[in-house]
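Participant: Spelled out from the first residue to the last, the chains are:
There are 2 protein chains.
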Amino acid sequence: MRNLNEDNITQAVLARLVDMPDNRLKTIVVNLIQHLHAFARETKLTEEEWKQGIDFLTATGHKCTDTRQEFILLSDTIGLSQLVVAQNHQRSSNATEQTVFGPFHVPNSPLLPPRGADITNGAPGDPCFISARVMTTNGEPLPGAEVDVWQADSEGYYDVQDTQWSSDNMSLRARFITDESGTLSIRTVNPKNYPIPTDGTVGQMLEAMHRHPMRPAHIHFMVKKPGYDTLITHIFSDGDPYLDSDTVFGVRSNCIGRFLKHPAGKAPDGTKMEVPFHTITCDLVLEPVVES
Amino acid sequence: MRNLNEDNITQAVLARLVDMPDNRLKTIVVNLIQHLHAFARETKLTEEEWKQGIDFLTATGHKCTDTRQEFILLSDTIGLSQLVVAQNHQRSSNATEQTVFGPFHVPNSPLLPPRGADITNGAPGDPCFISARVMTTNGEPLPGAEVDVWQADSEGYYDVQDTQWSSDNMSLRARFITDESGTLSIRTVNPKNYPIPTDGTVGQMLEAMHRHPMRPAHIHFMVKKPGYDTLITHIFSDGDPYLDSDTVFGVRSNCIGRFLKHPAGKAPDGTKMEVPFHTITCDLVLEPVVES
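Residue numbers (the working numbering), protein chains in the order written: chain A, 471 to 762; chain B, 471 to 762.
Watch out, some of these pointers could steer you wrong.
If several chains are the same, the list does not tell them apart, and a pair holds so long as it fits within one copy or across any two.
[Stated by the list, open to error] Calculated cross-link-like contacts (lysine-lysine; reagent style DSSO-like; alpha-carbon spacing at most 30 Å):
1) K514 <-> K731
2) K736 <-> K496
3) K521 <-> K731
4) K742 <-> K694
5) K736 <-> K521
6) K521 <-> K662
7) K742 <-> K521
8) K496 <-> K514
9) K694 <-> K736
Source of the hints: derived by calculation from the structure; they are not laboratory data.
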């Protein structure tokens, strides 16, 4: 083609892909190019706006390091991550819903006993006792499931975010293997709502959108058991003011739990607490994998 | 919203933008989010594919430096740049068409006299004599137009690409002000087709697409004159094997010129050439700006 303009260039670009050998990748690329071209045409994007887009993407890339992923944050804050998660993990009515993975998981956290462990490891915050049951959609307990737990402290920081209180970046995170009862009974700190990092392009974008950067208080869970769809979810704190406006669109109805506050006294693990503490009880219901 | 899934998340994200103050930016962002979500839904993008996309964007960002713009290269090679250029510079029938700016322009190149200048400045290549006329759509010459010229050498490299032959990165580029005749008569080297840089993510993408990275031989022009739409274009070399498959989709029908080869002898500027040389004659026809 020697006379490409806004009306014929999309077909010209797609015609150039006839020899692309990977059919799935071709489907993805063809669809993406069609949508990007339609976007530019429908908005009649100017060259100055196009340049601002190039600059935004470049600055987003430059913000990414081994411990910071600004493109994931961008995908999260425009709801793309949650869309992809949701469409790949459809649930029967009572299985726990999937939500976004987030950027703060660390593989190979300490493997601890499922009853009585304390994952606080120096983190500040009110004590909180989690009692979680891993089960099937029929209500049967699931022994031998690996439960990976991680969360932020009372200020909303994860251990890996240059906190002063974590000497080994293995605080407020651990893994457990469920016993015959499928139950996990552990101690941690009460989670709090917090802002996602705002010192990059995503922070600038949220400001331009007049949106807040907050996430409602939550604890992350990843549950793996052969024969079941790996469950990546959060338990959100009922009553949190940001439940209806989570900046990464991660809240699902059946992932909200009640963090109950108790006065000083006897904790669920038998400890005599000198300060008030919280308890949270939740079910983690796994979806069986259907062989296709 | 507390129960976001692939069917309702797009509306939930857009609802979050109600307070966005900049209406034009809002139009752009709303349209882009709708298209990106539609892309993910229509392709039923998997989490692994989403992650590959994140990694691709991150690596593209990391490739960008002060002298390398991989995101522009990406936009160019999927035809997005040319689409944006075309829809912002519609031409009456005989005005010279606009094409992509490319990443190799340098502002404030040397200002030289429009008759008889030599911009070679150490660059290798066969001699080439350009005769260009800047004119209106009525065929009247345009004096006082600034003509910015830049091009690659006989190997396809621009001076700024770490070449050995350019001591000051101001070779094969210069600016001129047209005189009463609107004519430019200068000496340079004959351009050659060349590959865009392939050592980054765009190179990987082209390989996955089974596409070549070649651009047909061309010389860049930018012509500025008050009252006229600034013309950013190339003159492509007629007969080049890549005219129909320019990897950045920049070829326009009326931007193709004939680079004629001559045996050693008298050049257009009166010089006696000991070696064969080329000549190219072209018109640069400016579109008047219509006040709206």
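Participant: For each hint, tell me whether it holds in the structure or not.
Facilitator: Hint check results:
no.	hint	result
1	K514 <-> K731	neither (55 Å within a copy, 42 Å between copies)
2	K736 <-> K496	neither (61 Å within a copy, 54 Å between copies)
3	K521 <-> K731	neither (52 Å within a copy, 39 Å between copies)
4	K742 <-> K694	neither (33 Å within a copy, 81 Å between copies)
5	K736 <-> K521	neither (62 Å within a copy, 46 Å between copies)
6	K521 <-> K662	between (39 Å within a copy, 28 Å between copies)
7	K742 <-> K521	neither (62 Å within a copy, 46 Å between copies)
8	K496 <-> K514	both (26 Å within a copy, 14 Å between copies)
9	K694 <-> K736	neither (32 Å within a copy, 81 Å between copies)
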